[in-house]
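**Student:** Letter by letter, the chains look like this.
There are 2 protein chains.
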Amino acid sequence: MATIQDVATKAGVAPITVSRVLNNSGYVSQQTRQRVESAAKELDYVPNSLASSLRSNRTHILAMLLADISNPFWTTVARGVEDVANQQGFSVILCNTDEKEEKQEEYVSVLLRKRVDGFLLVPTTASTESIQVIQRQQVPIVVLDRSIPDVSVDTVRGDTYGSAYKLAQHLLALGHRRIAVLTGPRYISTSVERVEAVCQAMSDAELPIDPALILYGEYAVESGYAMTARVLQAQPTAIVAGNNFIAVGVGRLLREVLLRVPEDISVVCFDDVPISWASEPFLTVAVQPAYEIGRCATELLLKRINCAESTPYQEVKLPVEIIIRSSTAAPAV
Amino acid sequence: MATIQDVATKAGVAPITVSRVLNNSGYVSQQTRQRVESAAKELDYVPNSLASSLRSNRTHILAMLLADISNPFWTTVARGVEDVANQQGFSVILCNTDEKEEKQEEYVSVLLRKRVDGFLLVPTTASTESIQVIQRQQVPIVVLDRSIPDVSVDTVRGDTYGSAYKLAQHLLALGHRRIAVLTGPRYISTSVERVEAVCQAMSDAELPIDPALILYGEYAVESGYAMTARVLQAQPTAIVAGNNFIAVGVGRLLREVLLRVPEDISVVCFDDVPISWASEPFLTVAVQPAYEIGRCATELLLKRINCAESTPYQEVKLPVEIIIRSSTAAPAV
DNA sequence: CTGTTAGCGCGTTCAT
DNA sequence: ATGAACGCGCTAACAG
Chain A
10 MATIQDVATK AGVAPITVSR VLNNSGYVSQ QTRQRVESAA KELDYVPNSL ASSLRSNRTH
70 ILAMLLADIS NPFWTTVARG VEDVANQQGF SVILCNTDEK EEKQEEYVSV LLRKRVDGFL
130 LVPTTASTES IQVIQRQQVP IVVLDRSIPD VSVDTVRGDT YGSAYKLAQH LLALGHRRIA
190 VLTGPRYIST SVERVEAVCQ AMSDAELPID PALILYGEYA VESGYAMTAR VLQAQPTAIV
250 AGNNFIAVGV GRLLREVLLR VPEDISVVCF DDVPISWASE PFLTVAVQPA YEIGRCATEL
310 LLKRINCAES TPYQEVKLPV EIIIRSSTAA PAV
Chain B
10 MATIQDVATK AGVAPITVSR VLNNSGYVSQ QTRQRVESAA KELDYVPNSL ASSLRSNRTH
70 ILAMLLADIS NPFWTTVARG VEDVANQQGF SVILCNTDEK EEKQEEYVSV LLRKRVDGFL
130 LVPTTASTES IQVIQRQQVP IVVLDRSIPD VSVDTVRGDT YGSAYKLAQH LLALGHRRIA
190 VLTGPRYIST SVERVEAVCQ AMSDAELPID PALILYGEYA VESGYAMTAR VLQAQPTAIV
250 AGNNFIAVGV GRLLREVLLR VPEDISVVCF DDVPISWASE PFLTVAVQPA YEIGRCATEL
310 LLKRINCAES TPYQEVKLPV EIIIRSSTAA PAV
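Chains A and B supply the protein sequences, listed in that same order.
To convert, count from 1 in the first sequence and add 9; that's our numbering.
To convert, count from 1 in the second sequence and add 9; that's our numbering.
Where hints are given, some of them may not hold.
No copy is singled out in the list; a pair is fine if it fits within one copy or between any two copies.
Unchecked claim - Here are the computed lysine to aspartate or glutamate pairs in the EDC-like style, where the Cα-Cα straight-line distance is at most 20 Å:
no.: 1; residue 1: LYS50; residue 2: GLU115
no.: 2; residue 1: LYS312; residue 2: ASP168
no.: 3; residue 1: LYS19; residue 2: GLU110
no.: 4; residue 1: LYS109; residue 2: ASP92
no.: 5; residue 1: LYS175; residue 2: GLU205
no.: 6; residue 1: LYS326; residue 2: ASP77
no.: 7; residue 1: LYS326; residue 2: GLU138
no.: 8; residue 1: LYS109; residue 2: GLU330
no.: 9; residue 1: LYS112; residue 2: ASP92
no.: 10; residue 1: LYS109; residue 2: ASP77
no.: 11; residue 1: LYS50; residue 2: GLU138
no.: 12; residue 1: LYS112; residue 2: ASP219
By construction, these hints were calculated from the structure, which means they are not laboratory data.
All chains should be modelled from the sequences, with the hints used to inform the complete structure.
**Tutor:** Here's what the structure looks like:
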């Protein structure tokens with residue numbers, strides 16, 4: 010692999026001149042410029058960003074850590090991230106943490122060593138360890154989708170609470186009184202907020218809350234399936250699924266026990282279910298602006314990276330759209 | 010950010026000693042080791058891989074370029090890649106090319122500058138340019154899923170031709186004579202092979218081929234939808250969808266025109282359709298071993314990276330599983 | 001067992 | 001308009 014020195018020698022100039030030509034910095038005469046350019050081309054010269062990063066303290070790499078890239082919600086977020094990053098000359102390293110704290114910490118460690126310019130983190134637990142490690146190294150970080158208690162950090166997320174409240178209102182308006190909530194882990198803010206908002210809506214409507222209707226599990230199909238089996242014993246007339254994968258599990262079980270949606274039971278969920286064969290969009294959902302979350306977070310991160318002055322931490326809350334489709338109806342009498 | 014020098018000073022040793030402790034290389038006495046370790050911890054020292062990469066010519070970063078991360082087939086491949094890579098101490102940069110040659114070339118250029126240790130490429134076109142640019146820099150590369158004519162390069166893919174042939178045989182055995190093929194772009198090997206294999210199966214069964222039943226489009230839902238609308242005029246009794254997204258488009262249109270599957274028309278496709286609400290797996294499919302493709306390609310790539318000697322290029326072809334479900338039946342008389 | 005020297009490839013600083 | 005010297009942080013090669 011040719012180095013800047015090789016090009017310089019071939020063009021009969023000093024390395025610094027080559028640097029000036031390639032970076033369009035400083036004055037270079039028209040003819041030496043051409044000599045350098047053709048020398049570079051002949052040698053298939055590819056500048057070494059490692060070397061320049063070492064000097065400039067800029068790698069132009071962002072790291073994005075999320076739970077699971079196989080959920081289309083996250084790939085859409087990732088798209089937003091990638092598009093903004095590329096546009097501003099940054100590459101993105103994407104990492105799956107599988108909701109495991111050790112994996113997250115391992116990645117953070119590796120990526121800090123690689124001197125990525127910033128982190129986009131969907132935190133796996135309520136633990137603040139990873140975030141603090143990053144902040145201690147003064148590397149900019151933006152937290153996505155989930156909020157973390159007791160830490161000062163930029164955050165971009167959908168209006169989880171508000172949208173859950175609206176979904177609950179929709180069900181209440183239809184006449185539902187026994188609303189089940191099947192959600193993710195207790196230590197993830199979105200799971201908790203979804204439960205709290207539904208409960209609040211019930212309270213505001215002066216309705217009692219049956220604890221047997223509230224189940225915490227995982228953001229996964231199997232978990233949704235299992236929770237549904239359990240919650241049916243408490244005889245809900247409607248189910249709020251904590252995310253799209255849980256909703257899929259709900260659907261699977263309901264089909265097995267031959268309960269029709271919405272005739273026998275209503276279902277709503279967060280984040281759209283993957284496109285698929287055999288069904289038009291059918292579920293009433295709270296659609297978080299996935300792409301926007303990625304875009305917005307990345308813009309904020311890049312602002313942090315580019316501006317030295319530390320403006321106060323921001324907490325951006327993006328609006329969530331409620332789409333009412335045909336999975337909800339008045340409860341059977 | 011602390012440097013190795015800072016740690017050395019604090020521990021009262023030379024930088025190289027710190028290096029030896031942290032990398033477990035060479036002899037270090039128990040007590041200096043401890044002094045160094047506690048100094049490193051106190052200073053929150055994070056080694057700079059840029060500097061060490063500059064010397065070692067190893068970044069431990071792989072680049073993976075694919076068309077679209079929102080297709081679950083590719084995320085599964087990417088998972089295979091990531092798992093193997095991490096296990097061997099490598100990180101992965103994932104990039105979406107959107108099937109666009111310029112994006113691919115731009116990425117290749119950026120990533121070469123970053124001195125990634127190797128490339129995993131799902132090529133967007135039949136153009137060999139990107140591959141040659143990479144090979145000219147002596148950077149190892151493995152091509153995934155699609156074959157490229159006239160280039161010597163390692164390749165890992167599913168047995169496209171064989172599986173398409175088997176799907177066709179299945180349809181023929183059911184009694185279908187008018188089999189439509191709706192596939193991807195002409196310049197992608199998988200699209201072409203799927204068509205060729207079906208035609209071959211027809212020929213082998215001594216059946217005529219109606220060109221009106223063969224349509225090239227894009228690997229996308231809208232394209233599948235549009236092609237279906239067009240191909241129905243040629244009155245097929247079965248449709249072979251070139252990939253999962255095309256199949257979704259097929260399903261959408263068939264529903265609109267009230268054609269039942271499999272009673273009125275049979276459908277088969279490649280790669281499983283995303284998990285979804287409301288339906289059990291239903292389509293008869295050729296399931297490519299997505300995770301395995303990623304795994305295998307990465308193992309091959311890492312072998313290339315680690316072994317200096319250049320063994321001849323390999324072309325790995327992985328078996329494809331045919332799963333017969335309920336979207337296929339004998340044609341209506 | 002530990003330290004010195006030197007250099008990876010580039011760009012900033014200061015001369016010419 | 002061009003170049004020389006130096007240093008970013010780390011480690012291989014060679015002492016001691």
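**Student:** Now look at each hint and say whether the structure bears it out.
**Tutor:** Okay, the hints, checked on the actual structure:
no. : hint            : verdict
1   : LYS50 / GLU115  : between (40 Å within a copy, 17 Å between copies)
2   : LYS312 / ASP168 : neither (23 Å within a copy, 47 Å between copies)
3   : LYS19 / GLU110  : neither (52 Å within a copy, 32 Å between copies)
4   : LYS109 / ASP92  : between (27 Å within a copy, 14 Å between copies)
5   : LYS175 / GLU205 : within (12 Å within a copy, 53 Å between copies)
6   : LYS326 / ASP77  : neither (22 Å within a copy, 28 Å between copies)
7   : LYS326 / GLU138 : neither (24 Å within a copy, 44 Å between copies)
8   : LYS109 / GLU330 : neither (30 Å within a copy, 32 Å between copies)
9   : LYS112 / ASP92  : between (26 Å within a copy, 12 Å between copies)
10  : LYS109 / ASP77  : within (11 Å within a copy, 26 Å between copies)
11  : LYS50 / GLU138  : between (48 Å within a copy, 15 Å between copies)
12  : LYS112 / ASP219 : neither (37 Å within a copy, 54 Å between copies)
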